[in-house]
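Colleague: Read in the UniProt record's numbering, the sequence shown has 157 at position 157, and its numbers run on one by one without any break.
These are calculated hints, taken from the structure and not from any lab test.
Here the structure is a predicted model, which means the values were calculated and not measured.
A couple of the hints might just be wrong.
To be verified - Pair by pair, the computed Cβ-Cβ distance ranges are:
1. R66 with L133: 56 to 66 angstroms
2. I101 with L133: 47 to 57 angstroms
3. E37 with N63: 48 to 58 angstroms
4. V106 with T45: 29 to 39 angstroms
Said to hold, decoys possible - 27 angstroms max Cα-Cα, derived BS3-like pairs, lysine-lysine:
5. K104 with K9
6. K51 with K104
7. K145 with K9
8. K89 with K108
9. K51 with K89
10. K145 with K89
11. K67 with K9
12. K89 with K9
13. K67 with K104
C-beta atoms are modelled at their ideal positions from N, C-alpha and C, and glycine is treated no differently.
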Amino acid sequence: MNGTDTRLKCTFSSSEPLGEDVTVAWLFRPLLRGNEETIFYYHRTPYPPFKGQFLGRAVWDGNINRKDASILIRNIQPVDNGTYLCLVKNPPDVHGEMGEILVKVVNKEKISEIMVLALVIGGGTAVIILLVLLFVLYRYWNMQKTHRSTPVSALECTEKLNEKSQDMTEVPA
């Protein structure tokens with residue numbers, strides 16, 4: 001991501017025990033036109049670049065004893081887009097494969113843009129939930145109102161009670 005520190009991981013294996021002659025070379029091939037350049041070198045000690053676009057930004061982040069030849073690119077920028085190659089040699093084993101990493105730097109999204117998106121989605125969801133809740137309450141209120149507003153006259157109540165008491169006093173034969 002644009003402006004961040006990016007670790008370029010390079011692990012290796014060797015058929016020989018690790019000795020003091022292990023060398024690591026990091027190369028960079030720009031995505032667009034440009035020449036391949038060595039951006040970092042290690043032989044017993046790290047040798048960061050002394051010129052070029054990675055001056056002061058390519059930093060050793062590996063551990064040879066753990067078979068790690070990684071580097072860190074500080075403050076990575078779109079001009080750093082390209083292919084990074086890691087080559088480790090451990091004499092007499094010098095036939096290791098070259099590691100290759102394709103880097104494409106993307107811009108950071110501003111927090112305000114993310115906040116706007118979150119507010120739009122969250123606000124829309126809240127409005128929909130509120131509308132559904134209001135609809136359910138309205139229906140409930142109407143059903144209660146309908147049940148409460150149906151008057152039953154005193155005469156109807158008396159007639160129904162009389163019918164029930166007659167049904168209970170009649171004994172089937």
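Colleague: Taking the hints in turn, state whether each one holds.
Modeller: Hints and how they fare:
{"no.": "1", "hint": "R66 with L133: 56 to 66 angstroms", "verdict": "holds (59 angstroms)"}
{"no.": "2", "hint": "I101 with L133: 47 to 57 angstroms", "verdict": "holds (52 angstroms)"}
{"no.": "3", "hint": "E37 with N63: 48 to 58 angstroms", "verdict": "violated (25 angstroms)"}
{"no.": "4", "hint": "V106 with T45: 29 to 39 angstroms", "verdict": "holds (34 angstroms)"}
{"no.": "5", "hint": "K104 with K9", "verdict": "holds (15 angstroms)"}
{"no.": "6", "hint": "K51 with K104", "verdict": "holds (22 angstroms)"}
{"no.": "7", "hint": "K145 with K9", "verdict": "violated (71 angstroms)"}
{"no.": "8", "hint": "K89 with K108", "verdict": "violated (37 angstroms)"}
{"no.": "9", "hint": "K51 with K89", "verdict": "holds (24 angstroms)"}
{"no.": "10", "hint": "K145 with K89", "verdict": "violated (87 angstroms)"}
{"no.": "11", "hint": "K67 with K9", "verdict": "holds (11 angstroms)"}
{"no.": "12", "hint": "K89 with K9", "verdict": "holds (16 angstroms)"}
{"no.": "13", "hint": "K67 with K104", "verdict": "holds (26 angstroms)"}
Of the numbered hints stated above, those contradicted by the structure are hints 3, 7, 8, 10, listed in ascending order.
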